[in-house]
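A.B. asks: As given, the protein sequences belong to chains A and B, one line each in that order. Take the first sequence: its position 11, counting from 1, is numbered 11 in my numbering, and each next residue is one higher. Take the second sequence: its position 5, counting from 1, is numbered 5 in my numbering, and each next residue is one higher.
Since the hints were made in silico from the structure, they are not lab data. The structure displayed is predicted, hence computed values, not measured ones. Be careful, since some hints might not be right.
In silico lysine-lysine, DSS-like type, Cα no more than 27 Å apart, as pairs [as the list claims (entries may be wrong)]: (1) LYS81(B) - LYS84(A); (2) LYS234(A) - LYS286(A); (3) LYS86(B) - LYS295(A); (4) LYS81(B) - LYS231(A); (5) LYS289(A) - LYS136(A); (6) LYS49(A) - LYS86(B).
Covered by chain A, per the in silico footprint, the following chain B stretches (three or more residues, Cβ under 8 Å) [unchecked claim]: (7) 38-52; (8) 133-146.
Virtual Cβ for every residue (Gly too), placed ideally from N, Cα, C.
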Amino acid sequence: MAQTEKFVLNMGPQHPSTHGVLQVQVELDGENIVGAKPVMGYLHRGIEKLMESRTYQQCVPFTDRLDYVSAMNNNLGFCMAVEKLAGIEVPERAWYIRTICCELNRIASHHVFIGSLTNDLGSATGMIYAFRDREKILDLFNIICGARMTCHYIRIGGVAADAQDEFFQKTEEFINYVPEMLDEYNRLFTGNEIFQRRMQGTSIISREDALRFGMSGPNIRASGLSYDIRKLDKYGIYGKLDFEVPIGENGDNWDRYLIRIREIEESARIIRQCLDNMPGGAFKGKVPKVLKPPKGDAYQRVENTRGELGFYIVSDGTAKPYRVHIRRPSFINLQALDHMCRGMVLADSVTAFATIDPLMGEVDC
Amino acid sequence: MGTYLELHYLEELKRDFPTIEFAAEQAEPHIYVSEEELLPLMRRLRENPVFSFDRMGNITAVDYREYIEMVYMLYSRGFDKWVTVKCRLDREKPVAESMTQVWPGTEFEEREIYDLMGVEFLHHPDLRRILMPDNYTAHPLRKDFVPLQPKIEGGVLTWHRQKSSS
C-alpha cells in the first residue's frame, strides 16, 4: 500500500484567486484537502479604532472602505445606526433614492462575483463580460455623486445631493437592459457544461451547518433558509416593495451562483418600482451641524450584498462615537471555508473561495 | 422590525438566575448578568423553546475604562425577537466563558475580541490572534492603547513599547 504524507500548502496572500489578501493554509493529502485554515489581517486598518477619534459625519467615508464593491450598502448601515441613535427623520424621497443606489450596488457587487468566479474557473473572457456591465452601474454612480466605487453618497439624514433626471433616465435604460444581460450570462455561463460540472454537488453546506456557522446573505439562502433582513426587518421602504427572496435547495456552489443571478433580477424589479413611485420633496432631513446623540447604544443591521451587516455604536454624549463595532458578514461567512473545502480536491478550493464571496476589506476591517 | 423580549420573561429569568439585573422602566431593558451565570443563562436562552434565540446577532466588547463590558445581542428567527445580554468583566484580567459552546459561529468574532480587546475566553476551540501579528502584545481597542513600534531583529519583525520619556 502506498503511504501518503500530509503537507501544508499556502494559498495566498498573493494569489489571483483569493480575492484580495486572504491566505489559506490548506492541508493536503495528495490532491485531497483535509483542512483549510483562513489567515487574515493583511488588510487590517483598524477602522473601528479610527472612528473613535472622528465625528459621526467623518466616519461615513470609512464605511466605503469596508466592503469597497458595495459601498452604498455600508453607508446605509452606518447612517441608519446613527439616525436610530440620534432620532433623525429621513424624508421619503431620500429613502427611494437610497434604495435605488443600494440595489444598483447589489447588482454591481454580484457582477464582481460572477466575473471573478468565471475567472477562477478558467474563463478570463467571462470576467470581461461581467465587468463591462458593472461599468455601466459605476457610470451611474459617477452621475449621481461623482465617485465610482467609494461613493460616500448616503449621508446621515438622507443623501448628499438630489438625484437628477439624467440619473433616473439612465437607470431606467440600465434596468431595461438587465433581461438581455442575464440572457447573455445564462447562455455563456449557466448553460456551460464545464461550469455546471465544476460547481454542482461541490462544497455543500447543509441548512444546519449554515445556521451553525452563523452565515448570512446569499450563502445561507443557497442552503435553503429564507433569511433576508430586507424582508425580516422591512427597514426603509422595503416593506412597501414587492420582491421575492430567491432560495436554493442543495447549498452547493451551483446554488450559490444561481441565487446571485436571480437576485440581480429581483434587484432590478425593486429599482423599477422605486423609479415608478419616486416622490418629490426634500432629499435630506434636518441634521444638526454638530451631531451629539444622547448617551446610549444602538445596533442596526441591514442586508448587505454579502449578508447581515450590523453597526453597533456606543455614544457618550459627545460629537464622536465612544465605540463602533461592525458585524461584518464575510468575516463570519469565512468560518464555513474549512467545512466547504474538506474532502474536495485542491482545484475545487478555488471555487469554494469564489462562491463564499469574501471581500478582504470587510474581513480585515 | 423585530420586537424586544417582554418584561414578564425577564422576570421569569430573574427567578432562576438571581444575579440578573435590568432596569424594568426602560423600553428595552438590557440584562446584566454575572460571569458565573453567563453560560447557563445563554444556554437557557438558546435551548429553551420558549425563547429559542438561535442566532448570535452581534457580539462585541466595550472598554469603559473601569471595566470591560461584553455585549451579546441575540436574535430569535422563529419569534422575530431580540434580547441584549451584558456582562461586566474585570479590566485587569477579563475572562469570560466562550459562547462557541452554545453558538459555534462565534469562533472568529471571539478571536477578534481576544485580539483587539484582550478578553480571554474559556473553552474556546482555537483562541489565537486573528488580525494583529501573532507576536503583538498590546490590545488596540483598549482606550489606553499606545501603538507599538516595529523593529527588525535578526530578520524577524518584533514589537516594542515606546519609551515613556519621549
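A.B. asks: Could you run down the list of hints and mark each one as holding or not?
C.D. replies: Results of checking the hints against the structure:
Only pairs whose Cα atoms come within 27 Å are accepted, and LYS81(B) paired with LYS84(A) is accepted, the gap being roughly 18 Å. With a C-alpha separation of about 23 Å, the suggested pairing of LYS234(A) with LYS286(A) holds against the 27 Å cut-off. For the proposed pair LYS86(B) and LYS295(A), the alpha carbon gap of about 17 Å is at most 27 Å, so the pair holds. Simply put, LYS81(B) and LYS231(A) have alpha-carbon atoms about 15 Å apart, close enough for the 27 Å limit, and the pair holds.
In summary, the hint linking LYS289(A) to LYS136(A) is not supported, as the alpha carbons are separated by about 35 Å, beyond the 27 Å threshold. With a CA separation close to 21 Å, the supplied pair LYS49(A) and LYS86(B) stays within the 27 Å bound. Against chain A, the segment 38-52 of chain B contributes 0 residues with a C-beta closer than 8 Å to a partner C-beta. That does not satisfy the three-residue criterion, and the hint is violated. Given as covered by chain A, the segment 133-146 of chain B passes the check, having 4 residues with a CB less than 8 Å from a CB of that chain where 3 are the minimum.
Hint check: violations occur at hints 5, 7; the rest are consistent with the structure.
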